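*Asks:* Protein chains in written order, with this note's numbering: chain A, 1 to 282; chain B, 283 to 550.
Hints were generated in silico from the structure; no laboratory data involved.
Computed from a predicted model, the values in this text were never measured in an experiment.
One or more hints might be untrue.
As the list claims (entries may be wrong) - Facing chain B, from chain A, some residues (calculated, C-beta under 8 Å):
{"#": "1", "residue": "Gly17"}
{"#": "2", "residue": "Leu18"}
{"#": "3", "residue": "Tyr45"}
{"#": "4", "residue": "Met54"}
{"#": "5", "residue": "Ala136"}
{"#": "6", "residue": "Thr276"}
Even for Gly, the Cβ is constructed at its ideal location relative to N, Cα and C.
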Amino acid sequence: MRKAVKLFSAALLTVSGLLTAAPLFFLFCGSLMGSGELGTYLGPYIYHTDGYAMWRLFPLYPTLRNLIRLVLDSPEFFHMFWNTMAVTLGILAGQFLFGLPAAWGLARYPVFGRRLFYMLCILLMMLPFQVTMLSAYLVLNRLGLLDTLWAVIAPGAFSTFSVFLMYRFFCGIPEEILESARIDGAGEFQIFVRIGFPLGASGILSAFVLQFLECFGMIEQPLVFIKKKSLWPLSLYLPEIEAQQAGFALCCSFVALLPPLLVFGMGQKYLEAGITAGAIRE
Amino acid sequence: MLPGLLGIAVFYLIPFGDVVRRSFLQMSGEAFCGMDNYRTVFSNAAFRLAAKNTARFVLVCLPLLLVLSLLLALLASRFSVRLLTVFKSAFLLPMAIPAASVVLLWRLLFDVNGFVNGALHGMGISSVDWMNTGAAFAVLVFSYIWKNLGYTMILWLAGLASVPKEVYEAAAIDGAKSAARFFKITLPLIRPMIFTIVVISLLNSFKVFREAYLVSGNYPQESIYLLQHLFNNWFLDLSVDKMAAGSVVLALVIGLFVGILARCWEER
Numbered sequence: 001m002r003k004a005v006k007l008f009s010a011a012l013l014t015v016s017g018l019l020t021a022a023p024l025f026f027l028f029c030g031s032l033m034g035s036g037e038l039g040t041y042l043g044p045y046i047y048h049t050d051g052y053a054m055w056r057l058f059p060l061y062p063t064l065r066n067l068i069r070l071v072l073d074s075p076e077f078f079h080m081f082w083n084t085m086a087v088t089l090g091i092l093a094g095q096f097l098f099g100l101p102a103a104w105g106l107a108r109y110p111v112f113g114r115r116l117f118y119m120l121c122i123l124l125m126m127l128p129f130q131v132t133m134l135s136a137y138l139v140l141n142r143l144g145l146l147d148t149l150w151a152v153i154a155p156g157a158f159s160t161f162s163v164f165l166m167y168r169f170f171c172g173i174p175e176e177i178l179e180s181a182r183i184d185g186a187g188e189f190q191i192f193v194r195i196g197f198p199l200g201a202s203g204i205l206s207a208f209v210l211q212f213l214e215c216f217g218m219i220e221q222p223l224v225f226i227k228k229k230s231l232w233p234l235s236l237y238l239p240e241i242e243a244q245q246a247g248f249a250l251c252c253s254f255v256a257l258l259p260p261l262l263v264f265g266m267g268q269k270y271l272e273a274g275i276t277a278g279a280i281r282e
Numbered sequence: 283m284l285p286g287l288l289g290i291a292v293f294y295l296i297p298f299g300d301v302v303r304r305s306f307l308q309m310s311g312e313a314f315c316g317m318d319n320y321r322t323v324f325s326n327a328a329f330r331l332a333a334k335n336t337a338r339f340v341l342v343c344l345p346l347l348l349v350l351s352l353l354l355a356l357l358a359s360r361f362s363v364r365l366l367t368v369f370k371s372a373f374l375l376p377m378a379i380p381a382a383s384v385v386l387l388w389r390l391l392f393d394v395n396g397f398v399n400g401a402l403h404g405m406g407i408s409s410v411d412w413m414n415t416g417a418a419f420a421v422l423v424f425s426y427i428w429k430n431l432g433y434t435m436i437l438w439l440a441g442l443a444s445v446p447k448e449v450y451e452a453a454a455i456d457g458a459k460s461a462a463r464f465f466k467i468t469l470p471l472i473r474p475m476i477f478t479i480v481v482i483s484l485l486n487s488f489k490v491f492r493e494a495y496l497v498s499g500n501y502p503q504e505s506i507y508l509l510q511h512l513f514n515n516w517f518l519d520l521s522v523d524k525m526a527a528g529s530v531v532l533a534l535v536i537g538l539f540v541g542i543l544a545r546c547w548e549e550r
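Okay, chain B solo, but in the shape it has when bound (with noise of 0.2 Å):
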């Protein structure tokens, strides 16, 4: 197992330290210049802009794609083996589908003369500038859900599996409607579950780029730049110094919702 960990040392844990090193020196030279580099990360304006929409981006995707796929595992569930498998592969198919086979795709549906607005005209709603203003977030926002709904929708399933049936039985004895069940029965007996996959996709959704890249380069929409746009154009530019820091400021947060992830997997 030796020459395993020699390399993720190698390739990971040196080098990042090496950038937290970094992250404290001035760019030009060996100087120490203390919490500077930070300090002109968090005033940079493209830093806050790229914050602010990752959070948002994080906000709205969130709660969308957990109860879609939610709603979608519960509805599944209750079919045969066989059909769950079915629907099972459709909803993981995007999974399959490596991002640069359906950009065309993409720009095909979202051009202002594309599919969409076709649609859109056909419903007598005029058509939207989809990739050049405000509504190119939604895009990003349907091309998560697209990509993660399955994923997402295997976890319910399996956190939904691990409810005794004998405990349903009891409740419809009892009379139990099926809301009732699910508020009284299913959401807390999967509690503990619904926390990790919070977290799952927490950290997933940080990683939503190859989509946004394709469709939109790297100067995409205002409201679709992302931090990860902005850490291109910072190694684009060779901004080693603000990358340094926003590296490690970065590393930290998710380290923080790593830890808390870890936190339940040991409660259980």
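Bound conformation, chain A alone (with noise of 0.2 Å):
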């Protein structure tokens, strides 16, 4: 009986997780097909002719050719893959030199208002962006930014959520460490590079692999604060591309999910524990 259970939730998970887990490998097999085949495949949803849109688990006549387009014949998707690249890592740089700081100094200083500002970041990253698009194009008008890749990067360099997580990791240093790095005459600086960074690192770690996710695949902003489409993130280009061009379209998808997914593989650990400090006390 017991055993009987254990296999069931066992098949259950397995084929839950593999339905969640399966746009992934569409768009991997869907990138490998030619258009004759997606043509046939697709055809009801594409041409709109009678009948319904099927799919093959694998591709019947593989090929590469969508890929040798992307790579060779379509600069448009490098140039906004480096946009989406700019933005990501321009706002992790912000969130590193301003964030980091503004985290531990909130963690391990008795500050002014340090409670009152611990309540405005949690307000804030809970904030939809929509609450404060507004203020935004506000500020970045005046501040001449608009039409920028700035417009992304300069409000996402704030963002307070990653001041949120770090400044959790943070706190759950224990004090008596510093303490006697004090004594022993650490500078404040100096404990900060030599103790809080190391001892801090998973948190640090969690905070940039979510937000890179996050930053990734970022629509709202750009949305509205970029008109020019040469400034465009992929995830405004991708959805511009004709039906009619599927493999390509399929192609261009995967290949869009390949940096956020080798984040993903690599820093699994540290998403977990960045999703878990918002609701457990260190």
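Please assemble the complex out of the two chains, which come individually in their own frames, going by the hints.
*Replies:* Structure representation (structure tokens):
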């Protein structure tokens, strides 16, 4: 009986897990299909012929034509890929420069108004983008940053989510360690670099993994702050590819998700730690 | 740490203060108009529709997501660490897939001639026009659950792991059935955690927009016209007055939930 229950739950988890992960597989296989093959399967969707779109698990005639076209013949893909990368890495760099020290200071020193600020951080990270959209627009307009990549990078760099996350991890470092370092004559900056940084590293990584995944797929911000098409990130470009080029679109979609997939693969541990940090006291 | 705080102030706090000020002003000029903008917003038909849809979305999704993810977490927690990691990877994977990458798949799935209708046809069920009828709501719910199942499951697993093993062993010796163990031990012990998870999921559900926008653009089917769409459209129309008032109202509502969340963090 117990064994049957276990087997059943394993089966249930496997099936639902596979279904959840299926889109990845779909994109991979689809990007290997030629236009002829896709035309047959997806005809009812693309050309509105009778019947229903179908799918084959594995391509019948696998081809790299889509990939070749992407690499050799679509400069716009690379252009937008680099836009996405610039935005994502720019935001992460900004958080490293500004958010990290802010989190450390907040966690370790009795700053005036620290509780109030902490609450503000939480409130700001919970607000949907649309609530702060108008205020962000007004500032960016005044600073003359609209229609540049900075319009997305600058507000993102000061996102309070990573401050909050790193703060939680920094709070977990026992005060005694810092005390003994002080007695040994370490300066405050030295303590931050030598002790806080390595001990809080998992928190910093958690924040970065979560932020990377978030920023890479950004849609709302570039949609309202960037009108110039040449500055668009991939996430605005992908939906624009026409249905007739399904194979190419699938290939682009697949290549576009490789960087976040890589970060996810390397940082799953930190991702999980980052998720739970919000719910459990360290 | 100063530059960080300064940046947050420049990009978020000060401008939001400006928005609060504007929410009491007439759009064209500087004339003070008291609560007029708020009155306009609340009597606006689009605002009512969007608020109703958002509330409906939250009320449907939240229980569904919480129960499903708890169920998966309970099932998964029986397995060895290695298997558990595999399961977690599978359910977390959607977090790593940018919404833009699945747009085409979603369109293929829910087109009138799409995969889902094909499968339904195979089972002898007549097809549904997913994106242009009330069924669009179901698509949105599905997308949200797909994206967030892993996230919530991780939260539950952390809660379940915090229950000491000895308690279960003692209960097993006393002959408690698994249902009794769940309701009498697990649930009471993770109760404070449940509340936190509910509030976090609630706040996350306000952020569902990317999927909805990608599938159906600025003016989607009526049943999934959310507050987020409304704000976007006000923005495009440059209705600064309505937007300012709307932002303040929404910020207050969410602030309320955040206050509750902070309370549950403090209690433990």
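*Asks:* Does each hint hold? Answer for all of them.
*Replies:* Structure-based check of all given hints:
no.	hint	in the structure
1	Gly17	holds (3 Å)
2	Leu18	holds (7 Å)
3	Tyr45	holds (5 Å)
4	Met54	holds (6 Å)
5	Ala136	holds (7 Å)
6	Thr276	holds (4 Å)
Comparing the model with each earlier hint shows no violations; every hint is respected.
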